[in-house]
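Peer 1: Here is how the chains run, residue by residue.
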Amino acid sequence: SSQQHQEAVHHCASSRCGEDSHGKLYKNDTETQLYSLKMYSIIHIFYNTIYDEDEVLLALAEQLGNFTMLVGGPEYVHCLLPPLESLATVEETVVRDKAVESLRKISQEHSPVDLEVHFEPLVKRLASGDWFTSRTSACGLFSVCYPRVSSTVKAEIRQHFRTLCSDDTPMVRRAAASKLGEFAKVLEPEYVKSDIISLFTALASDEQDSVRLLAVEACVSIATLLPQEDLETLVMPTLRQAAEDKSWRVRYMVADKFSELQKAVGSEITKNDLVPAFQNLLKDCEAEVRAAAANKVKEFCENLPEDNREQIIMTHILPCVKELVSDTNQHVKSALASVIMGLSTILGKDNTIEHLLPLFLAQLKDECPEVRLNIISNLDCVNEVIGIRQLSQSLLPAIVELAEDAKWRVRLAIIEYMPLLAGQLGVEFFDEKLNTLCMAWLIDHVYAIREAATCNLMKLVEKFGAEWAQNTIVPKVLGMANDPNYLHRMTTLFCINALSEACGQEITTKQMLPVVLKMSNDQVANVRFNVAKSLQKIGPVLDSNALQTEVKPVLEKLATDSDMDVKYFAQEAISGMFDFLLSTKLLNFNSLNFIFLLFFLCSFGPSITIPNQRLQDGICHGTLSNQTLKVIACLSQLHTFTSSAASSFVLCGKNTK
Amino acid sequence: RNEQIPLQHDGSSRLNPAPGCKAPRWFHWPPADGTGAGWEQVCRFQDPKPADLSMEEESDTRKINNSFLRDHNYATEADIISTVEFNSTGELLATGDKGGRVVVFQREQESKTQPHRRGEYNVYSTFQSHEPEFDYLKSLEIEEKINKIKWLPQQNAAYFLLSTNDKTVKLWKISERDKRPEGYNLKDEDGRIRDPSTITSLRVPVLQPMDLMVEATARRIFSNAHTYHINSISVNSDLQTFISTDDLRVNLWNLEITDRSFNIVDIKPANMEELTEVITSAEFHPQQCHTFAYSSSKGSIRLCDMRLAALCDKHCKYFEEPEDPATRSFFSEIISSISDVKFSHNGRYLMTRDYLTVKVWDLQMENKPVETYQVHDYLRGKLCSLYENDCIFDKFECVWNGSDSVIMTGSYNNFFRMFDRNTKRDVTLEASRENSKPRAILKPRKVCVGGKRRKDEISVDSLDFSKKILHTTWHPYENIIAVAATNNLYIFQDKVN
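Here the protein sequences come in this chain order: A and B. For the first sequence, full-length UniProt numbering assigns the number 1 to the initial residue and increments by one for each residue that follows. For the second sequence, full-length UniProt numbering assigns the number 1 to the initial residue and increments by one for each residue that follows.
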């Protein structure tokens with residue numbers, strides 16, 4: 001393996017530092033070491049030259065973590081430490097964090113001896129650095145070297161960590177607090193009790209809010225490390241204090257981490273302590289805290305011990321939830337609305353109908369559209385438990401109101417839920433109540449809504465099938481082709497683009513195509529070039545006969561339109577269609593088809609340029625039968641002619657015939 | 001009797017910091033025992049920027065720049081100093097001007113041979129912090145004028161400061177470089193690209209020492225958060241956040257995040273016609289990370305606790321002195337507008353400056369200030385003409401000394417005032433070219449109030465209202481002050497015998 005390392009080194013050396021290796025293999029350690037030194041000086045110079053370019057430093061900090069093989073393998077990995085050490089002290093947090101990440105990575109590649117000789121002194125240097133930047137970086141390194149060093153060094157590390165936890169600058173205390181949980185995990189159980197708990201208590205009562213709130217995070221990991229019987233005396237006083245902290249940011253953190261905390265402390269403490277704490281958070285005076293707590297309602301209830309889950313929810317949680325439904329802050333209400341439906345699966349059918357349904361209905365009538373949207377978007381949970389019919393009477397007015405909301409973003413959001421709702425409500429209910437809405441969106445005055453509405457129609461057709469489309473949607477869509485407003489006529493085209501594939505060849509050819517073709521005579525140029533675009537789009541669905549006899553003449557006509565854009569898009573459509581034919585039908589290589597294709601193409605005359613490369617590709621990928629070989633002959637001529645004059649092209653067409 | 005206010009300092013070595021001692025020593029001004037000689041000028045900079053930096057020096061080895069001899073009254077608008085601020089150690093002093101420039105001065109190292117030079121500052125770095133801009137959406141010009149500079153506590157070998165104009169706050173890094181790499185592969189020593197065919201071998205560049213270079217780089221730009229003009233910025237004691245305050249709103253930023261800020265105070269009424277007051281200044285408490293205060297144009301100060309709620313629209317303390325009906329006049333509201341609010345270093349008091357007075361408030365007492373100092377009460381009779389020439393809207397700042405025992409604020413005619421809170425003595429000093437001989441002791445000035453003018457007194461009518469001292473700063477723990485007078489920066493220190 002040592003030989004392999006050296007070869008790897010040699011390989012890298014020769015590719016990167018030609019003058020150093022001269023093709024020779026490294027014979028001994030001295031040379032490798034020399035090479036490592038060189039490498040180090042390169043890194044050093046690099047670091048010093050660009051020391052103000054954050055992004056370069058960031059990349060450097062990241063890459064150095066992967067340099068182990070380049071400096072001679074794990075034996076020499078310690079020579080990466082000096083540059084990473086200086087990167088770990090820069091003022092840019094992202095660079096520092098990346099350097100620490102790399103240091104953590106390469107710490108694993110140190111032998112236990114190297115770790116004590118090289119790595120641990122670096123951690124100590126950082127921990128006792130003059131500037132806070134190095135001390136914050138040190139906080140992240142304790143946990144990686146602690147498990148692999150001797151017990152005396154371990155004692156030193158613990159001491160360093162203790163010192164940093166009471167550092168003068170809040171930045172270092174924050175760094176220490178955020179690594180407290182991680183460090184606790186690698187400590188021996190006896191030290192968790194003797195060291196970590198006192199540090200944790202101190203940090204959790206720090207004068208800086210920003211430190212205290214990080215202690216909450218540490219609380220989760222510390223609680224998982226301690227035996228159940230110690231939690232009450234060692235962790236709970238601090239946790240209770242945090243849940244009632246004067247600063248809302250700390251309480252927010254408790255609310256945000258509530259599910260994790262709940263899992264960490266176990267069911268008994270949850271019942272006795274966390275339930276009242278959670279109630280308080282749901283009633284907190286700061287809306288941010290209530291919103292964070294409201295977000296956790298479902299998870300909290302799910303994780304309650306099963307034996308008396310229902311009782312706790314009904315007597316303790318539900319009253320708070322009821323109050324939140326009519327909260328003054330809309331963020332709180334919408335946070336609640338996004339999870340409240342989840343309670344129905346936990347509480348079962350009867351309770352849902354009796355207690356939750358009134359809440360859902362109240363929220364469906366909420367003045368804030370976001371709340372209503374959140375309810376509607378989570379209907380599936382309720383559907384499973386009580387069926388959507390219970391809700392449909394209230395649902396409909398709510399949907400109609402959202403569908404007509406003055407804010408287009410709200411309308412957009414409800415459109416996106418339509419396919420889901422349609423699936424849940426069934427085709428009859430949909431036809432009866434919602435179909436008109438879907439059609440009304442097609443003539444919305446905001447383009448984004450019309451666009452979303454066409455997309456919605458496509459999804460509905462995918463759900464309800466082509467027959468349903470033919471009966472309900474297609475006639476209405478096609479009717480719009482005669483609308484006096486050109487924007488609505490264009491919407492017809494967009495709908496056809498979206499629906500053609502879902503509706504299939506028959507409907508497209510028989511019903512849609514005639515309308516599209518008719519619209520090519522529209523007086524508005526925008527409509528005409530959208531006809532060209534549509535023809536290109538629906539081309540793949542049509543049969544070749546229709547293409548040849550109906551589409552082609554129209555495109556040809558459009559290609560000579562007086563409007564520049566119409567001309568452009570017609571030509572695009574022609575060559576696009578060619579591309580399509582070549583890529584799908586032609587690759588099956590029915591040579592007869594191919595000849596037809598050539599006819600087809602040639603009949604367009606000089607109006608298109610054939611991409612030669614595509615033609616050749618088509619040939620090369622096909623299976624060449626006798627007939628196709630003949631075609632190649634034509635093709636070779638075609639190849640010459642397409643790149644020359646238009647008249648020759650026509651000639652080519654005749655030759656082919 | 002007042003003419004002979006002793007402005008003295010005990011120069012005994014007992015009070016000087018021991019060599020290598022980093023802990024601040026608190027000086028009391030003026031010292032009780034009455035020895036010492038007063039304030040002496042150590043430096044004066046005119047239009048402080050490298051091109052025509054002028055500095056008075058007794059040493060012949062330094063050239064005296066010609067621009068020093070320019071007409072004193074001549075100053076282009078861009079050269080007017082708009083803010084001045086010491087950093088947390090007092091090693092550096094930054095000024096900002098209306099031209100958007102920031103000039104940083106560094107204190108000269110103390111030398112045993114020339115002990116009197118201890119308070120001298122030299123230009124360390126100059127950079128253009130803000131450029132004039134144009135807001136195309138509102139058709140408004142955005143001035144480049146630096147409204148405020150705040151230093152961040154030093155976190156590594158580099159220094160960081162926040163500077164702001166009306167709209168944009170920038171975080172600047174000022175760092176030194178004394179080495180440069182030489183021996184590149186692809187370019188020669190003059191920086192020309194080498195012909196690739198002549199490169200036959202690779203070499204590792206080496207670092208060579210070079211002349212010290214001080215660089216200023218903008219590390220963060222906090223923009224697009226203020227509709228109105230930013231009047232103050234303040235860094236939180238958690239060293240993670242800062243606030244920027246405009247006329248109607250206070251925004252909270254994370255120093256590392258530029259694309260997001262939180263609005264924590266918004267006093268904008270739904271209907272702008274109902275607007276009755278604006279925010280004039282805001283500052284964080286020096287120790288409590290959750291407390292900040294903001295002052296209003298109505299003469300009140302609100303103390304907010306960020307722990308209570310995410311939005312601090314509701315204050316937790318409201319400091320206001322009831323108006324005396326006897327002195328009520330047309331100008332009452334204008335002159336009660338607070339132009340500056342500062343927490344004392346110990347965090348117990350708030351100092352506010354309105355047009356005529358400086359007030360000190362105890363955080364525990366909301367109904368009236370514990371101390372009120374008259375800055376220039378003799379102007380009370382001239383408010384009408386001050387209104388006409390707009391001087392009544394001047395925004396004077398105020399500062400504490402390192403031990404919170406003395407406060408300093410500016411006035412007109414290049415006068416500035418100091419008030420000793422313990423002895424209740426006060427003094428008026430003048431920052432002017434006439435008496436700005438190096439090492440000259442500043443003579444206390446006296447404005448004549450009555451009819452008879454005694455010798456050495458200046459009559460109110462002869463005060464020059466175009467010469468005003470709005471911006472001053474006090475060294476964090478020594479008796480060194482910097483005073484900005486139009487386009488001149490004066491640095492004074494207490495005289496050491």
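Hints were generated in silico from the structure; no laboratory data involved. Mixed in with the good hints there might be a few duds.
What the hints assert, rightly or not - From the derived model, a few chain A residues whose C-beta atoms are all more than 12 Å from chain B:
no.	residue
1	Thr169
2	Cys368
3	Glu432
To be verified - Taking lysine to aspartate or glutamate pairs in the DMTMM-like style, the calculated list, with each CA pair at most 25 Å apart, reads:
no.	chain 1	residue 1	chain 2	residue 2
4	B	Lys314	A	Asp284
5	A	Lys463	A	Asp431
6	B	Lys173	A	Glu217
We treat Cβ as the ideally placed atom computed from N, Cα and C, and that holds for glycine.
Peer 1: Over 12 Å from every CB of chain B: does A/Thr169 meet that, or does the non-interface label fail?
Peer 2: Non-interface label on A/Thr169 violated, nearest chain B Cβ at 7 Å vs cutoff 12 Å.
Peer 1: Against chain B, does A/Cys368 keep a CB gap of more than 12 Å to every residue?
Peer 2: Correct as stated: the minimum Cβ-Cβ distance to chain B is 18 Å, above 12 Å.
Peer 1: B/Lys173 and A/Glu217: Cα distance at most 25 Å?
Peer 2: Not satisfied, since the Cα-Cα distance of roughly 33 Å exceeds 25 Å.
Peer 1: Are all beta-carbon distances from A/Glu432 to chain B longer than 12 Å?
Peer 2: Its Cβ never comes within 12 Å of chain B, the nearest being 44 Å, so this holds.
Peer 1: Are the Cα atoms of A/Lys463 and A/Asp431 separated by 25 Å or less?
Peer 2: Given pair A/Lys463, A/Asp431 holds - Cα atoms ~13 Å apart, limit 25 Å.
Peer 1: Taking only the CA atoms, is the gap from B/Lys314 to A/Asp284 under or equal to 25 Å?
Peer 2: Holds, at about 17 Å.
Of the numbered hints stated above, those contradicted by the structure are hints 1, 6, listed in ascending order.
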